[in-house]
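With the hints as your guide, set chains B, C and D onto chain A.
Number of protein chains: 4
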Amino acid sequence: MAIRFGLLGAGRIGKVHAKAVTNDAEAQLVAVADAFPAAAEAIAAQYGCAVRSIDEIAASADIDAVIICTPTDTHADLIELFVKAGKAVFCEKPIDLNLDRVKACLAVVRAEKGVLMVGFNRRFDPHFRAVRAQIDAGAVGAVEMVNITSRDPGLPPIEYLGRSGGIFRDMTIHDFDMARFMLGEEIDTVTARASVLVDPAVKTEGDFDSVNVILTTTSGKQCVISNSRRATYGYDQRVEVLGSGGMVAAENQRPVSIEVATAAGFTRPPLHDFFMTRYTEAYAAEIATFIAAVNGKGAASPSGEDGLMGLLLAECALKSVAENRTVSVSELA
Amino acid sequence: MAIRFGLLGAGRIGKVHAKAVTNDAEAQLVAVADAFPAAAEAIAAQYGCAVRSIDEIAASADIDAVIICTPTDTHADLIELFVKAGKAVFCEKPIDLNLDRVKACLAVVRAEKGVLMVGFNRRFDPHFRAVRAQIDAGAVGAVEMVNITSRDPGLPPIEYLGRSGGIFRDMTIHDFDMARFMLGEEIDTVTARASVLVDPAVKTEGDFDSVNVILTTTSGKQCVISNSRRATYGYDQRVEVLGSGGMVAAENQRPVSIEVATAAGFTRPPLHDFFMTRYTEAYAAEIATFIAAVNGKGAASPSGEDGLMGLLLAECALKSVAENRTVSVSELA
Amino acid sequence: MAIRFGLLGAGRIGKVHAKAVTNDAEAQLVAVADAFPAAAEAIAAQYGCAVRSIDEIAASADIDAVIICTPTDTHADLIELFVKAGKAVFCEKPIDLNLDRVKACLAVVRAEKGVLMVGFNRRFDPHFRAVRAQIDAGAVGAVEMVNITSRDPGLPPIEYLGRSGGIFRDMTIHDFDMARFMLGEEIDTVTARASVLVDPAVKTEGDFDSVNVILTTTSGKQCVISNSRRATYGYDQRVEVLGSGGMVAAENQRPVSIEVATAAGFTRPPLHDFFMTRYTEAYAAEIATFIAAVNGKGAASPSGEDGLMGLLLAECALKSVAENRTVSVSELA
Amino acid sequence: MAIRFGLLGAGRIGKVHAKAVTNDAEAQLVAVADAFPAAAEAIAAQYGCAVRSIDEIAASADIDAVIICTPTDTHADLIELFVKAGKAVFCEKPIDLNLDRVKACLAVVRAEKGVLMVGFNRRFDPHFRAVRAQIDAGAVGAVEMVNITSRDPGLPPIEYLGRSGGIFRDMTIHDFDMARFMLGEEIDTVTARASVLVDPAVKTEGDFDSVNVILTTTSGKQCVISNSRRATYGYDQRVEVLGSGGMVAAENQRPVSIEVATAAGFTRPPLHDFFMTRYTEAYAAEIATFIAAVNGKGAASPSGEDGLMGLLLAECALKSVAENRTVSVSELA
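Protein chains in written order, with the numbering used here: chain A, 1 to 333; chain B, 1 to 333; chain C, 1 to 333; chain D, 1 to 333.
Isolated chain A (complex conformation) (with noise of 0.2 Å):
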């Protein structure tokens, strides 16, 4: 069966997730809402769907499924919205940058016996995936150390540093994801160490633009996360995954992979110098895993306790960062 969606927010995410419910061809775009009519009327135009307020679609009998896109601030109200009236959710991350009021968002899902399904789309890159393939082939034995260099090309307007929950809540939070991803086995302490090195504006808004976090779990495994707000290359985007027999890693992306060699070297393009080109595969994937988990086909993954668990391990980076020491999860948890 088709699942019919409504889509919230049409927005450059949500634009995204409208073209990847009418290229599958086991959904359906319904319905579009959005604060901007225009931005509602374009996608409603371009795929020949309908425009509707989100209390109309949370009403419409036509519906089976939503995706949120719609400001971070909306989206725990929302969920508890939509999973009371029945329908499958779809959220992009985070739940809410508030650690209790995700918690609470969480005990209505569960109360409702709710799908929430949280957009943390880097799960479902091709490469990424590959990595993990071959971690449960055995490609590389037992998982010891997790390396993840995430870089952004560049800092984000200041003005939305303000807003983001700073850079562990809205950067490394993927990086925690891609972690416990790779590792398998869940967290346990967290050591952090921050810097502003890019720009001192990103101090006067209290948060950082270069950090360094080590993971480990129970077992010993660690995970080091290395990012920075800005590198000029491009979207540096690496995992490797070293185990008893090996390592797997995952390279980086470019538009072109071509290669020119002169006196002065051989030189290949920058790498993707925005994350929706970088993960447009991936996108297009987590949607398609959402419809087929609402189609009974498996697990609407990552849930919405993997995506608590990212904020907690935020949390526990900022306490880590402000005492100056390891801070084990279960302090914060």
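It is worth saying that the hints were derived from the structure and are not from the lab. Given the structure is predicted, the values throughout are model-derived calculations rather than measurements. Cβ coordinates follow ideal geometry from the N, Cα and C atoms, glycine included. Incorrect hints may have been included.
The list that follows gives simulated cross-link-like pairs (lysine to aspartate or glutamate, EDC-like), each with its CA atoms no further than 20 Å apart [said to hold, decoys possible]: (1) C:Lys19 with D:Glu281; (2) C:Lys19 with D:Asp24; (3) A:Lys15 with B:Glu26; (4) A:Lys93 with A:Glu315.
From the derived model, a few chain A residues whose C-beta atoms are all more than 10 Å from chain C [as the list claims (entries may be wrong)]: (5) Arg4; (6) Pro37; (7) Ala38; (8) Ala45; (9) Ser53; (10) Ala61; (11) Leu81; (12) Gly165; (13) Phe181; (14) Gly206; (15) Val256; (16) Asp273; (17) Ala300.
Only chains B, C and D this time, still in chain A's reference frame:
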């Protein structure tokens, strides 16, 4: 203005083009025709277009352009039919396997002042385009040598070979076109050597499976094409251009780019195993170019004459092999 | 003037240095000493030099400089003996495993105005030197982050671990020196996490086999060191430096660089499996630097103080692990 | 038994061989001869050997073997002189530029039952050897196609070209030998195309600077050689072998392997800019092979006949270019 399309042929390449048309905001898929009604109906259902016969499409006032994906032996007739009907025509290569038939067909196109673009998809591959762009930007100086390595993952069914026109007309033709695209100068001589190494059955079909060709231009530039019908490691598609100032090369593409390191070494996955996944982006880009051309933006290139030239070079290569000598293109033109 | 050398210790690293001295036109190998006469005699025979006792070498008027390759616990005593004897001294790392002993030894060197160079060979690796040269040339702007991955091919014999001083003093010490070499600024804090993942026997020796360390400088620059005692794919030695303007990285080295492509993928051979083959060029270059320094051309660097600092950072790392917190270098300096 | 060597010619390649002999525990450099006494004396001083005339070396009872590094036009005479004197002979390529002279020389060697090895150094490059070893190990199945790309960093002095014998005898001859090494089967036909693209002055010397050659064997295996006298990015030396089971290729070599990433892309340094640094290891290995052969361990290969065959293929290539046709080796053999 959105260009209104009729699709002739609903096979695997037809599906690719149907998707490209639908995803392009400047185009609309109006109708599809196929000898097998079920195939046409599947596309019609997925994209919301009509099923019509070929003659109906030729007579349709709501159709501006057609894409010809039918069997090779129908191409020339359909091109003539549709240019006479005043439709812009995109035709999969080759126009025909017979040189005279191609010339006659192009005469009709010229007489009708028709728009005809031929599907040499590789010109639209982002990596090869980037190579060409580097040449145009002067990154490697004056072009001197082009090296094209083009190997299929495996031999097609032997029964296909008989109607393929042989390796030069079926496979090398793409490389002849790439050579012209990169050299930026017409070919003057063709020298080819051919063997049967992959499967003795190829010989019984009067064909070859392993060939090398050297092309020269009037100014002495050279191009080497190296073909094999079998590369166990995947679809090997490399182009390298040496100029007075340096070299530019397009790397091979693989579906996932990870690396597994063990005591046995560092292993990356094989290349794409199929031309349709290798050239996904190229197919979309060539249709976008055709749409733009019909809309008056840019040329419908590669043209029918490009298609003719590819076939002509294949004929020269065959003659070169038969006579163990270098053949001037002027002998056959 | 050709520098006349005495070699103390005729083991495997002694042989490497004997060859480096002989191949350098500015140097001459005059005598060799070793507790095992046969080892000394083998070198003497191959390179045509004399066998003498350590005391004879100290008293030899025809010796300008010595290379100390004897067991670690003799280093500090020999350094003192030879600087007092007026010889220039090159000593393999570490000076001693005890911080106070190192300090006392360096006090003697200073009092005698002796020349002392410490064998942190990696600074002389042509690839790491090229990274440093790019930083100096401004290719990546201001240094912000250094990422060092350093993994041994396999665990040394467990009995060795007991006298090694532990992973931080034995293995990470090289990376601490590399961090200082690349950061170009002294380390302010050390935060380390350590596990036993490779072999439980490591734990019984009170040691670790898998560690991650974050270093920070006063200005907030960070360095991550990731160590494992086991990398089945060979000796993994990578350095990557992120700056305000870009990144520069040294690739891993392998004895042969071929690639085999089959249906199983593209495989390159493992890395070097031994530090002596990996750092062949570095060993020759460090001795050449020492010879030049003794000849008055350039500094005898890395110095005894560099050796001290490496050990100090190892102590800080141990304390960090023991106390689960960030340790300021000033606490132990 | 250590082989006692006489070195004929103390130029740059003579120095390379002097070092190789000295560093080999199985050999001893006894004497050196050169038309320029100062050149011979420099080597004698550095390695502690005698200076003698060529005739004295031929008459020396304490000399077992000679290395001929004198000008090309003396090679054949010296080979004859020394095999008659009962010395094993290693001779730099070519034996002579004249096919008949080579044949006559080899007849003398055979008559004297002399030991003659020819300096096709590339067979001893560790990367190319590893390619051959993979073929021998069956990693790629039956060899079908060999692709050799061989480009010099820059045109030699024009005055050199006149006495070089032309590009096929001077440069491609190495690739002809590599083709035979990799194909493992004798060449049956030669088809070549040649241009002057780098410098018009090359034409005035009756030479070419840009050539492509297709070789075939009796069983239909093919090899393509692509040569240019100019590659701004360094000494480009690649070999790729396609077999029924896969492909094996040797990558290019560079002095340092770092990568700098900025907004302009990812840049690695150029390749080696000189054949002597590119083939450092190969030169040492070929002399070691010769020493072993004189000591009765293994063959003195490549042999004089290998040298003859390289020249013969060059003659065939010249004829192919002149006559615009495929030439059978049997026409000239």
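Status of the hints after comparison with the structure:
With a CA separation close to 16 Å, the supplied pair Lys19 (chain C) and Glu281 (chain D) stays within the 20 Å bound. Distance check on the hinted pair: Lys19 (chain C) and Asp24 (chain D) sit about 12 Å apart at the alpha-carbon level, within 20 Å; holds. With a CA separation close to 17 Å, the supplied pair Lys15 (chain A) and Glu26 (chain B) stays within the 20 Å bound. Taken as a hint, the Lys93 (chain A) and Glu315 (chain A) pair is honoured in the structure, with Cα atoms around 16 Å apart against an allowance of 20 Å.
With 10 Å as the threshold on Cβ separation, the claim that Arg4 (chain A) sits away from chain C holds: the shortest Cβ distance comes to roughly 42 Å. At roughly 43 Å from the closest C-beta of chain C, the C-beta of Pro37 (chain A) stays outside 10 Å, upholding its exclusion from the interface. Every beta carbon of chain C lies more than 10 Å from that of Ala38 (chain A), the smallest distance being close to 40 Å; the non-interface claim holds. Distance to chain C confirms Ala45 (chain A) as a non-interface residue, since its nearest Cβ pair spans about 43 Å, more than 10 Å.
Residue-level check passed: Ser53 (chain A) sits 47 Å from the nearest beta carbon of chain C, beyond 10 Å. In this structure Ala61 (chain A) is separated from chain C by more than 10 Å, as the shortest Cβ-Cβ distance comes to about 51 Å. Every CB of chain C lies more than 10 Å from the CB of Leu81 (chain A), the least distance being 43 Å, so the non-interface label holds. Consistency note on Gly165 (chain A): stated as away from chain C, and its beta-carbon is indeed over 10 Å from all of that chain's, at 22 Å minimum.
Separation of Phe181 (chain A) from chain C is adequate, the least Cβ-Cβ distance of about 19 Å exceeding the 10 Å criterion. The claim that Gly206 (chain A) is not at the interface with chain C holds, since no C-beta of that chain comes within 10 Å of its own (minimum 15 Å). Every Cβ of chain C is farther than 10 Å from the Cβ of Val256 (chain A); the closest lies at roughly 19 Å, confirming the non-interface assignment. Distance to chain C confirms Asp273 (chain A) as a non-interface residue, since its nearest Cβ pair spans about 14 Å, more than 10 Å.
The beta carbon of Ala300 (chain A) sits about 33 Å from the closest Cβ of chain C, which is more than 10 Å, so the claim that it is off the interface holds.
Hint violations for this structure: none, all hints satisfied.
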